[in-house]
Amino acid sequence: MANLNIDSVKERTFDAIVIGSGMSGGWAAKELTDKGLKTLVLERGRDVKHIKDYPTTNMYPWEFEHHNVVTNDIREANPIISRCYAFNEDAMHFFVKDKEHPYVQEKPFDWIRGYQVGGKSLMWARQTQRWSDFDFEGPARDGYAVDWPIRYKDIAPWYSYVEKFAGISGNRDGIPELPDGEFLPAYPLNSVENYFSKHVKSHYKNRHVISARCAHLSKPNQIHFDQGRVQCQNRTLCQRGCPFGGYFSSNSSTIPWALKSGKCTLRPFSVAESIIYDDKKGKATGVRVIDTNTKEAIEYYADIIFVNASALNTNLVLLNSTSDRFPNGLGNDSGVLGKYVAFHNYSANISAEYDGFKDLTTDGRNPAGGGYIPRFRNVYKQETDFLRGYAAGFSAYRGHERSSDGIGEELKKNLVNKDLSPWRVGSHLMGETIPKETNYVALDKQQKDEWGMPLLKVSVAYDDNDEKMKKDYLEQMTEMFTSAGFTNIQPHSDTRNPGLDIHEMGGVRMGNDPKTSMLDKWHRLHACNNVYVTDGASMTSTSCQNPSLTYMAFTARAVDHAVSEMKKGNV
Amino acid sequence: MALLFGGAALLPSCLNDKGKSVVKLKHIDLDAGQQALVADVADVIIPKTDTPGSKELGLHLFVLKMVDDCFNKEGQETFVAGMKEFNEAAKKKHGHDFVDCSPQEKLVFVSDIDKRAHDRKPDEEKDDAKLFTFYSMLKGQTVFAYTTSKYFMTKQIVYELVPGRYNAYFPVKEKAAV
Numbered sequence: 002m003a004n005l006n007i008d009s010v011k012e013r014t015f016d017a018i019v020i021g022s023g024m025s026g027g028w029a030a031k032e033l034t035d036k037g038l039k040t041l042v043l044e045r046g047r048d049v050k051h052i053k054d055y056p057t058t059n060m061y062p063w064e065f066e067h068h069n070v071v072t073n074d075i076r077e078a079n080p081i082i083s084r085c086y087a088f089n090e091d092a093m094h095f096f097v098k099d100k101e102h103p104y105v106q107e108k109p110f111d112w113i114r115g116y117q118v119g120g121k122s123l124m125w126a127r128q129t130q131r132w133s134d135f136d137f138e139g140p141a142r143d144g145y146a147v148d149w150p151i152r153y154k155d156i157a158p159w160y161s162y163v164e165k166f167a168g169i170s171g172n173r174d175g176i177p178e179l180p181d182g183e184f185l186p187a188y189p190l191n192s193v194e195n196y197f198s199k200h201v202k203s204h205y206k207n208r209h210v211i212s213a214r215c216a217h218l219s220k221p222n223q224i225h226f227d228q229g230r231v232q233c234q235n236r237t238l239c240q241r242g243c244p245f246g247g248y249f250s251s252n253s254s255t256i257p258w259a260l261k262s263g264k265c266t267l268r269p270f271s272v273a274e275s276i277i278y279d280d281k282k283g284k285a286t287g288v289r290v291i292d293t294n295t296k297e298a299i300e301y302y303a304d305i306i307f308v309n310a311s312a313l314n315t316n317l318v319l320l321n322s323t324s325d326r327f328p329n330g331l332g333n334d335s336g337v338l339g340k341y342v343a344f345h346n347y348s349a350n351i352s353a354e355y356d357g358f359k360d361l362t363t364d365g366r367n368p369a370g371g372g373y374i375p376r377f378r379n380v381y382k383q384e385t386d387f388l389r390g391y392a393a394g395f396s397a398y399r400g401h402e403r404s405s406d407g408i409g410e411e412l413k414k415n416l417v418n419k420d421l422s423p424w425r426v427g428s429h430l431m432g433e434t435i436p437k438e439t440n441y442v443a444l445d446k447q448q449k450d451e452w453g454m455p456l457l458k459v460s461v462a463y464d465d466n467d468e469k470m471k472k473d474y475l476e477q478m479t480e481m482f483t484s485a486g487f488t489n490i491q492p493h494s495d496t497r498n499p500g501l502d503i504h505e506m507g508g509v510r511m512g513n514d515p516k517t518s519m520l521d522k523w524h525r526l527h528a529c530n531n532v533y534v535t536d537g538a539s540m541t542s543t544s545c546q547n548p549s550l551t552y553m554a555f556t557a558r559a560v561d562h563a564v565s566e567m568k569k570g571n572v
Numbered sequence: 201m202a203l204l205f206g207g208a209a210l211l212p213s214c215l216n217d218k219g220k221s222v223v224k225l226k227h228i229d230l231d232a233g234q235q236a237l238v239a240d241v242a243d244v245i246i247p248k249t250d251t252p253g254s255k256e257l258g259l260h261l262f263v264l265k266m267v268d269d270c271f272n273k274e275g276q277e278t279f280v281a282g283m284k285e286f287n288e289a290a291k292k293k294h295g296h297d298f299v300d301c302s303p304q305e306k307l308v309f310v311s312d313i314d315k316r317a318h319d320r321k322p323d324e325e326k327d328d329a330k331l332f333t334f335y336s337m338l339k340g341q342t343v344f345a346y347t348t349s350k351y352f353m354t355k356q357i358v359y360e361l362v363p364g365r366y367n368a369y370f371p372v373k374e375k376a377a378v
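Going down the list, the sequences are from chains W and X.
Quick note, our numbering runs 1 ahead of the 1-based positions in the first sequence.
Quick note, our numbering runs 200 ahead of the 1-based positions in the second sequence.
It should be emphasised that the hints constitute simulated quantities derived from the structure, not laboratory data.
Heads up, some of the hints might be wrong.
Straight-line distance between alpha carbons at most 27 Å, and here's what the computed DSS-like set of lysine-lysine pairs gives [said to hold, decoys possible]: (1) X:K355 - W:K414; (2) X:K315 - W:K414; (3) W:K154 - W:K569; (4) W:K413 - X:K248; (5) X:K350 - W:K413.
Take these sequences, add in the hints, and give me the full structure.
What follows is the structure in structure tokens.
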């Protein structure tokens, strides 16, 4: 029997464990196995194999039972998840059902989740921008949140490293506040987007409209073919999973890459209940897992643990990892665990028309979605009555003048009208929110889920800064649209809940001082140096870039550090 | 013949005492007469011309499915109540139920409703509000059924699943695909 037990423990012992298989977990798996470590990847949901498990990917609109409309029963049973723009008949199987994964909303918060191998990297919006020092230095400048322990120079080579592998399309725009990367050819701006870009450049100092940078293979390199991925075919049906691997996801890229190494064990249906901390050894020794099918608790052991469970779930796992040494959650000597959660404010947009370029339209589809306006407020100095700034999307398009006026022959003609509409333009807000102690997550003291995990209590809200920033965005865009000669300008503000931006961040923030932060400059817990957190939870502040690319770079850098520490015998 | 095109999966499931086929619905209760009304109105909206019409394409079956599965309870109640008003108005004008009207009477009646629906202000509160809400719902769903049907997306416009290109500057004279 003793031998059996020893064998069993041996079978459950790895060099490294990664909790989560999404955007950052996939990168941890790839990097750890590339470096030869025997790695266990835990995923709470089911497996989703590239291509094989994309059941809707080649379906035509009329092949969906309701032509891609979600039924009323599903919407009523899932009021939270059905607010997500990508939750339609073609991709709803990649989102959690509200009732199956409850949480407590102390304040209204739409927690949008995808519990499967690949996580939300399957359905993400694929926008990828680097941070600059204007972003990393935000907290140090105005004193909200703590200073980031890293700067652009620390992360720049790792941005390059992940960009080459993932495949990022973009132009080298030479904008200091949005550093250039290792780009595949950009998707071009169309005539009106280009017109607006030139107009803004000539009328405003330090404002730019550039081709949106995105994780699409506009022109793949050998490294992408090696992953089994080929050129993006402009389907823009990405949320279904791409049979070409045209955009980056864990499923098409990092996870199969890791598995191919022979060093990776992928374990779906495995909720990470807690990280096991050994008081005597003074370090984490493994992860306690609940098998979601059998409800059985199983322990796995490793020298290095990467927590990539997604921002809020990473908080949950750490908060639930209590021991004599850490009664308030793993590494939580400072008491800041779960606090200073922030997100992006997406609650405004603006549309207009342009009476020009009538001889031009577009053909095919642009996977980048159009243009991107990097942050221009409070970059070089504090210049407004709100802190930080915002980025914005910008796109122009023409459709056909297809009305549904009339009946019979007249209606049929109207529905196939080939006349083109005027150019329509649109922009949406992507605003930084300020991390505050009062925006937090914590464990609910009474309620537990089906697997015995305490429910996460979320208490996150907008504040005055967000309102001021939104007002400024609408004013500035209205002014820019007006001066560009756009007409029928319609500013619009909505009352969406925080969370629907799907950019929740923080709670396990980085910082130089263990008294006020959780992670050091290598993404290690200050108080437990073999546990790394490299997903959204680690964000000290949020700036306004789409965050995934930064998580990828953080992860590759942290793995490099972890493995070099391991080789030095420090863990 | 009626089920040649899209919606063929939704076969009529039983016959009522009048011998009319009835689609089995999950959330709302529409008898054979009401279902026939939906089919007849949809066929006036998208009639057979030199191209197929609603009945040939089975659009009404998809419309019924959408009302049954995708409308909320309030929308379904308005749909059913408005349909009754619609039928009453037809009776008043032509002396019998809408489904028993001649093809010409049906065309005249629906044309009139369509024009008045088009000219109404969005929030106009009148006694006949439900009639027009019903009509707008039915027309909207018929148009949706038609424009997302395989027939329309392959024969009338060309929907491309795999465009494989993006031309940012495309001269208008050339024919852009959808």
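A quick look at each hint next to the structure:
As the CA atoms of X:K355 and W:K414 are separated by approximately 14 Å, the hinted pair is consistent with the 27 Å bound. As the CA atoms of X:K315 and W:K414 are separated by approximately 17 Å, the hinted pair is consistent with the 27 Å bound. Restraint check for W:K154 and W:K569: the C-alpha separation of about 24 Å stays at or below 27 Å, so the hint holds. Straight-line distance between C-alpha atoms of W:K413 and X:K248 comes to about 10 Å, which keeps the hinted pair within the 27 Å bound.
Proposed proximity of X:K350 and W:K413 is supported: the alpha carbons are some 15 Å apart, at most 27 Å.
Of the hints listed earlier, there is not a single one the structure fails to meet.
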